[in-house]
Structure formats: structure tokens, C-alpha cells
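Asks: As you go down the protein sequences, you meet chains L and G in turn.
Residue numbers for the first sequence follow my numbering, so the first one is 22 and each next one is one higher.
Residue numbers for the second sequence follow my numbering, so the first one is -5 and each next one is one higher.
Take these hints with a grain of salt, some might be off.
Stated by the list, open to error - Simulated DEER-style distance windows between Cβ atoms: (1) S101/L / N256/G: 33 to 43 Å; (2) V62/L / P43/G: 57 to 67 Å; (3) A276/G / L46/L: 52 to 62 Å; (4) E81/L / K232/G: 50 to 60 Å; (5) R48/G / G98/L: 49 to 59 Å.
What the hints contain is simulated information worked out from the structure, not anything from laboratory work.
Keep in mind that this is a model prediction, so the values were computed, not measured.
We treat Cβ as the ideally placed atom computed from N, Cα and C, and that holds for glycine.
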Amino acid sequence: MDEVATKIIEILRKNMKDPSKTVTLETPLSDLEIESLDLAVIVFDIEDTFGIEIPYNANEEVEAFATVGSVVDRVKGIISESKASGAAA
Amino acid sequence: MVTGQGVVTPLGTGVDKFWAGMKRSACGIREVQSFDTNDLYITIAGEVPDFNPRERLQSKQLLLADKYSQYAGCAAQEAVAQSKLELPLEGDEGYRAACIIGSGVGGLTTLEFSYKMLFKENKRATHPLTLLKSIGSSASAHVSIEYGIKGPTFGVVSACSTATHSIGLVYRMIREGLIDMGIGGAAEASLNWGATRAWQAMRVLSPDGLWPFSKNRNGTVLAEGAGILVLEEYERAKARGAPILAELRGYGMTADAADMVNPSIDGASTAMQQALDDAELAPSDIDYVNAHGTATAVNDVNETRAIKHVFGSAANKLSISSTKSMHGHCLGAGGGIEAVAAIKAIEENYVPPTVGLDEPDPECDLDYTPNVGKERKINYAMSNSFAFGGLNAVLVFGPPPA
């Protein structure tokens, strides 16, 4: 597992009721007993850790937050986008 | 008995402007004017468009107060003028009156400004009125000073149920014989950069608009204002020939004791049931429900289910609306403003609409009075407030006694 994935799983664990549970990239977020408010906290923590902004509205279903792996992919996507726009500027 | 009402809202200041706006399905939500929305992705809010404190307020003390106290002072002034009370109260009469005006967060904008001065501008001192302006009891104190109210005077805090709890408390104090009259309601003026940032981080705000019960709803929209009632014991009001606008018939309050953000059907429906029982009314007696209707994904479905749970088959005959679609989510002040909407609905036999409701959520399948208001005989109206933390308060209003 790469650095981004490791850091994200670390953030998820902080917000889990039972942090000793096994978490893989395939684990659905719903299995981690993460609710809407936890998700806002997790998104904040990820934004803060990676210095990015993640568009997320708790009122909408977000496919990118289905599994741990999809969150990692989304974050990687945003990191590379922000690098690209940074380079252009 | 309700003998006076006053509002400051994003649809305008004063009950007439507010009600006229709702009758034409106007919406007070727009791009923020009062602060810089740099770095925010939420750039809309329900700001009060026409509030000039110098025009509205006579008292110098109130002119120096935080905007939340000024809104309270302005709404209270309208309400007491309508009630035709002789003010300030003299002698012992003052001790038989209450002034309970709450706020979700009080003078937050004053605090934000003072912290900015200290931490960012490196000023050596804060303005000497910073503390008095920011405390959550300053609105009630200012209004008590204005009118010589010397009985129970304090602020109530329950987020978006604040005004409803405040009004309910004055009502109960009158019923218990502690006081003969009181001013109850709430004021909120917490629209600023920091607070918007904090709300934005919760991910519950809509960047586009507040569309309750709609399939397309995507969150709530912050707003500000004040909603205040004058309540009076019936015999006293009758004896002095006061204008009786409506009767406050019932009050219910519960807490979900479950979750800070996810509401429960049980807590909401028990509060409604308590208010009905207190009013000695059957569900089928209610004609209009002013819903909490915040346009968040969870509230509107939960509220719909709770209404069905309490009203049973009578739910299908109800006219419901969320007037937040027009004045925004005025937070602590919301229940006061919405109580006025419910009273006006009874007075004019008119149901204000839920605007922006073109395509209802299939799980929200009651009559929410989409887009345009309608005439309907309204005897009894219910006003719901369900706050973060699962704090629920419900009022039931009826016509003045014949």
C-alpha cells in the first residue's frame, strides 16, 4: 500500500468505533460504521493532511466514497489535478 | 393570547413586508453582500435587505449593540406597538412580565471581529463593548430595559429550536401564574466569514438554494433575523381591550437523546403529539403545519415520516409548507419567524407556499403547498422546530376566542 492509502486508512481508523477492525482498499465505508458527520470530519482531516479541497455535500450520495479504495483514488486524482494547475500557474 | 408580533427577515423588516413577500412566493436568498466570500464555496445566504438601525431603533444602547440584539430590539418594538401595551411597565407590573429572547450563538460577529483585531491586526485591546455585545443574554437584557420588564429575563439556547422554546416558556410561565405577560422569541445575526466556514465544513449547506421536500434539494441555506411575540394572559388582554391576534394553544418539547445530526422520528413525533395533547386537539383539527423543512437530505424525510406517524390518515388532508424556502434558515430565530407565519396563516386563511418544489422527493409525499400559496380555512396551525442535538419544540396556535 502506498503512502496516500496508508495515511487515509490512518485517518479512517481515528474515526472508527473499533479501530482494530481490518481495513483494506476493498472495504466499503459502510462497514466501518462511518456516518455523515464522521465523513465530514474525515474529509476535513484528509484535506488538511494533503493540502487539497474535496467537493463533498452530505446531502448527496457520493460514489467516490463507496469504498476505502475509491476514496484513495479520488484523493490521488485531486492531488494530481492541483499539482497540474499549480504547474500551469 | 398573542397580542403582538414582530419580525426582521430576509424578506424584509416588519410583518407586513414579510407576509406580502411570502404571498408572492418571493425568495430572500441571494449572493452574500455583507462580507467577503473569498475562499468560500458557499456564497449565498438569507441576509436582511433593509435594516437601518438608526431608522429602526431609538435607544442609544441598542444602537451600540451587536446586530443580533438590534434585530431583537426592532422585532420587539413592532410587537409591543401592535399590542398597544402602555410601556415602560410601571411599578409591580414590571415584575409580572417576562422577557425571554434567545439566540443560537448571540453576538458571534462581534467576537469574530474582535479576534480578527487581536490575532490578525495585532491590536493591543478590544473594543470595551465587545463582551456586552457578544453575550447571548444581551438581546433579552436590552429589550427588558427598553420596556421596564423586571420579571424572568434571560436567553434560551437550543440551536434552531431557540425561538420556539423561548415562546413556549413564556406561555408556560403565564399558564402557571408566574407572570401576566411576556415577550418571547429569538434573534440571530451570525452570518460572517468564520461561521460560514464552520457550517461549510459540516457539508450540509447548499451552494444553490433551499428547496425543501424536493428531489433536487441539496442542503440548507443560512439566514438571519428575529421573530418575537407578545403573549398575555387572556383576562388581562381582554380587560385592556388588546388586539388578540391568535391563541397559543399548545406546546410540546422533547429531545431525541440519540445523535447530534441525525433526527429521530420518535423525538419529533412525540413533541408534535405533546403539543396536540396540550392544546386538547385531535390531529384532524390541524389545518396547517409550518414544517421545520430545512432541505437537508435527512430532515425532510424524517419530518414527513414523523408527521405521518402523528397525524395518520389526517396527514393527507393537511396543508404543509416550509417557509424557509423563502426566508432561509434563520437558525435560532427561525421558530419565531415561522410562528408569525403560522399566526398570519390563521388570520388570513392563507397557506404560504414551499417555493422551489417542482419535483417532490418520492419519500416526501404529503401536500407541501408547492410554489404558490393558497386560500384555505385555517383554524389551527402547528409550527415545528427540530434542532441539531435532537432538540425538538412544537407550538400550536388557534384563532382568538370568540
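Asks: Take the hints in turn and mark each one as holding or not.
Replies: A quick look at each hint next to the structure:
Under the hint 33 to 43 Å, the C-beta atoms of S101/L and N256/G, about 35 Å apart, fit the expected range. Remark: the range hint 57 to 67 Å for V62/L to P43/G is contradicted by a beta-carbon distance near 35 Å. For the pair A276/G and L46/L, the beta carbons lie near 56 Å from each other, so the given range of 52 to 62 Å is met. A hinted range of 50 to 60 Å holds for the C-beta pair E81/L and K232/G, which are about 53 Å apart.
A hinted range of 49 to 59 Å holds for the C-beta pair R48/G and G98/L, which are about 53 Å apart.
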